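2 protein chains.
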Amino acid sequence: MKRILLGAFEINQVNLTSQGLWAHPEQQTYRYKDLDYWLDLARLLERGYFDFLFLADSYGYPHLRGETPDVTFEQAVEVPNNDPMLLIPALASVTSDLHFAVTTSTTFEEPYANARRFATLDHLTKGRIGWNVVTTSSAVVSELFGRPQLAHDKRYARARDFLDLSYKLFEGSWEEGSVVVDKAARLYADPSRVHPIKHEGPYFTSHGYFDSEPSPQRTPVIVQAGTSSTGRAFAAANAEIVFLHGKDSEMLRGQVSDIRTAAESAGRGRDAIKAISGLSVVTGPSRSAADEKLEEYLEWVNPDAARAYYAMMTGIDLAALDPDASFSTVSTDGGKSHVERYRDTTVREASADFLRRGMRELILVGTPAEVADQIAGIVSDTDLDGFNYTPFVSPGSYADLVDSVVPELQRMGLVRTKHTRDTFRQRLFGAGSHLPGTHPGSLFRTDTRLAETSA
Amino acid sequence: MKRILLGAFEINQVNLTSQGLWAHPEQQTYRYKDLDYWLDLARLLERGYFDFLFLADSYGYPHLRGETPDVTFEQAVEVPNNDPMLLIPALASVTSDLHFAVTTSTTFEEPYANARRFATLDHLTKGRIGWNVVTTSSAVVSELFGRPQLAHDKRYARARDFLDLSYKLFEGSWEEGSVVVDKAARLYADPSRVHPIKHEGPYFTSHGYFDSEPSPQRTPVIVQAGTSSTGRAFAAANAEIVFLHGKDSEMLRGQVSDIRTAAESAGRGRDAIKAISGLSVVTGPSRSAADEKLEEYLEWVNPDAARAYYAMMTGIDLAALDPDASFSTVSTDGGKSHVERYRDTTVREASADFLRRGMRELILVGTPAEVADQIAGIVSDTDLDGFNYTPFVSPGSYADLVDSVVPELQRMGLVRTKHTRDTFRQRLFGAGSHLPGTHPGSLFRTDTRLAETSA
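Taken in sequence, the protein lines are chains A and B. Anchor point for the first sequence: position 164 equals 164 in full-length UniProt numbering, and the numbering is continuous, going up by one each time. Anchor point for the second sequence: position 53 equals 53 in full-length UniProt numbering, and the numbering is continuous, going up by one each time.
It is worth saying that the hints were derived from the structure and are not from the lab. Since the structure is predicted, the reported quantities are computational estimates derived from the model, not experimental observations. The reader is advised that the hints may include incorrect statements.
Which copy is meant is left open, so a pair is good if it fits within one copy or across any two.
[Stated by the list, open to error] Here are the simulated DSBU-like cross-link-like pairs (lysine-lysine), alpha carbons at most 35 Å apart as the crow flies:
#1 Lys183 with Lys293
#2 Lys154 with Lys183
#3 Lys418 with Lys154
#4 Lys198 with Lys154
#5 Lys183 with Lys247
#6 Lys247 with Lys154
Work the whole structure out from these sequences, hints included.
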């Protein structure tokens with residue numbers, strides 16, 4: 001059985017995806033502003049052999065029918081939310097082999113500043129960083145940033161330009177070996193091996209040197225979760241981890257196969273992208289105890305808050321639709337096709353399912369051994385490479401997994417049993433820390449040595 | 001004798017201001033990419049009763065006569081440099097009463113994203129954050145970011161607009177008491193007390209709610225170091241700490257008096273701004289031993305690197321000027337008047353002084369008792385409120401101060417003797433954590449209660 005990647009899906013706010021669950025007595029997310037909450041969580045994840053902490057992010061909040069409904073603030077639907085990137089250095093300081101992926105938007109960040117932030121993180125964490133690249137479609141964020149909203153295809157064109165410039169900065173400015181740090185010779189770096197980059201793209205222009213010297217991975221591990229056809233093509237070309245959106249093995253199997261084929265078509269090989277899915281787990285001493293526990297969690301979901309959240313994530317106002325209509329007739333922004341899962345249902349059925357599940361993908365319920373068996377079955381059925389574990393309550397749902405399910409998965413050979421100090425990219429592919437020569441980012445290197453060392 | 005503020009002046013790179021000193025055997029700054037280096041430094045500063053760590057920052061590097069000279073990379077003149085903000089959460093996690101000020105540029109950052117970063121830091125540090133507001137004049141950075149260079153006055157107009165928008169976000173969106181977090185009532189925040197802001201300024205537009213709930217200080221402590229007349233007016237209106245640039249008591253006395261008068265004219269009171277100056281200290285068992293130690297440090301300065309650095313900081317290429325000309329005839333960008341200190345000297349004399357001093361202000365040399373006496377004398381002569389301590393070698397110069405001079409200053413009542421958990425603003429003014437009602441940022445509040453609580 002192949003080893004799976006175990007990620008934790010988090011966000012720097014109080015509701016993860018089940019709107020209203022912040023108020024559950026066991027829920028500690030109201031402490032999200034407190035570093036100690038996060039430090040303890042990172043220690044728990046490392047103890048539980050998690051491979052990475054995935055930090056989602058978006059500016060903005062629900063806005064529908066011309067206003068932000070009161071329930072947004074009453075139930076803290078995506079707001080308040082704080083910057084998640086700033087958590088990472090502190091979490092890195094109390095862990096040694098937990099990796100981190102964090103989201104930034106190519107639509108709203110500055111590429112040069114963004115690249116320096118990721119290079120700094122890669123240095124400070126010793127190569128434990130991934131970048132979840134998103135293109136933000138939200139009209140609310142456009143209003144907050146005072147910028148015109150970009151159409152779907154333009155967002156991706158901008159994202160491609162953003163990545164090309166980022167690759168040049170990460171890969172093309174400082175040759176391998178350019179940094180000498182020879183105190184005796186009073187030589188810090190060899191100027192003949194540091195080069196100004198020149199980028200004149202449709203959205204971004206940049207001339208000059210990258211401020212940061214090469215970090216362990218140079219380019220952070222590229223993560224992507226886009227579901228539109230444009231998003232999938234972007235992922236096939238660039239991503240090293242793709243976050244899929246399916247609620248069962250059947251949906252996921254097709255998506256995994258598609259992304260492997262697309263990576264192959266992009267000249268990168270079928271195993272160049274790790275495919276992961278969301279996973280929630282509720283365990284108990286018996287199946288019925290676990291079922292009861294899940295139902296108890298779901299009682300905390302606030303339907304109005306869930307609908308506001310759904311509208312924010314998909315652009316679809318469920319309350320404004322005919323409950324008996326087929327969901328397949330609902331039109332949405334091309335970037336929001338995680339509604340795909342409801343294609344063959346009515347609006348009523350889709351709404352009911354969403355109120356239970358939020359944006360969760362797989363939800364597994366049972367005894368620890370049952371859940372471990374289900375996970376093994378899903379991996380076998382779908383060829384998934386791993387999961388983004390999405391807790392109901394934090395840290396309780398993590399502790400449940402770490403203390404009961406992870407040991408089972410370790411026995412089955414699905415989860416590693418030893419801590420290893422490596423870079424994120426080494427963890428994923430077992431090879432070098434740098435982008436492989438088949439990745440488009442490697443094209444921007446000025447020296448061939450780097451491609452050799454990462455082969 | 002009034003208590004002084006003790007800050008540490010740092011930068012996330014290997015040369016602080018003496019270009020070439022990175023190679024000194026005692027210099028540990030080559031470890032700047034290593035979190036442990038910074039964690040140890042923060043612990044040392046807290047042990048030594050430092051009030052804050054000041055993190056300077058600028059994108060870019062020297063560029064003169066159309067090129068970046070080789071010495072830039074050979075001696076690491078301002079490059080490589082990493083993002084300093086990302087250090088803070090980790091440093092906050094190992095300290096409890098050390099405050100932090102970090103630089104971001106109103107010319108190159110996005111106000112909404114910048115405000116969310118500072119709010120997040122203020123939350124994570126429990127109110128220990130200051131923002132050093134700079135307007136970046138560098139043509140190099142304009143090229144890196146692919147933007148037209150702004151003239152001096154436009155940079156400050158943009159900075160004013162940036163601050164107005166920031167104040168609205170920090171102060172005007174969430175009323176005091178709007179965040180309830182009542183699990184039993186299932187109520188996170190009271191929507192009637194959260195308001196969208198509306199900003200339509202000459203440079204920035206923003207409509208909507210601030211993503212972050214109110215942090216302990218809301219607006220971070222505003223720090224400013226501009227030296228032009230526009231910069232001074234900006235500081236008089238906004239700053240709570242001003243970083244002055246003078247090399248002796250006489251220069252500093254005038255600047256302190258000027259800023260107090262300007263603050264008073266701005267309706268804020270003579271004590272509304274803390275005036276600090278750079279300070280370097282070299283101690284030894286005797287005056288002559290200390291003198292020798294200083295000379296030994298200065299031997300490591302690389303003249304070409306120092307000149308490249310001077311050109312970057314001031315726009316003046318010393319090597320291209322007539323050595324016998326009066327320095328007062330040298331023209332420079334209005335934002336770079338720290339050349340004022342050389343007004344009455346020749347170019348040759350100015351160059352010689354700069355090669356020794358870099359951008360350092362006061363340099364005090366002697367036994368610990370002698371240095372402590374000099375500091376007391378300077379405070380008495382100038383009415384300065386404190387210092388930004390600028391080490392020659394790190395952490396050695398900090399350890400020298402902490403272990404020998406600080407105890408003397410404590411005996412004299414100049415430095416506190418107890419650790420106190422407070423916010424940065426409380427530390428500075430002994431009052432509330434929020435902006436006082438006389439600060440222009442307070443005008444953007446929607447509720448008057450906040451002004452009352454901070455009076």
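Structure-based check of each hint:
With identical chains, the CA atoms of Lys183 and Lys293 are at most 35 Å apart between copies only, with a shortest distance of 19 Å across copies and 61 Å within one. In the homo-oligomer, the alpha carbons of Lys154 and Lys183 never lie at most 35 Å apart, since the shortest distance is 49 Å inside one protomer and 43 Å across protomers. For a Cα distance limit of 35 Å, the shortest separation of Lys418 from Lys154 qualifies neither inside one copy, at 45 Å, nor across copies, at 57 Å. Within a single copy, Lys198 and Lys154 get their C-alpha atoms as close as 22 Å, and across copies as close as 27 Å, so both meet the 35 Å cut-off.
Proximity of Lys183 to Lys247 under the C-alpha cut-off of 35 Å is restricted to the inter-copy arrangement: shortest distance 30 Å between copies versus 57 Å within a copy. In the homo-oligomer, the alpha carbons of Lys247 and Lys154 lie at most 35 Å apart inside one protomer (30 Å), although the nearest pairing across protomers, at 53 Å, exceeds that limit.
Hint violations for this structure: numbers 2, 3, all remaining hints satisfied.
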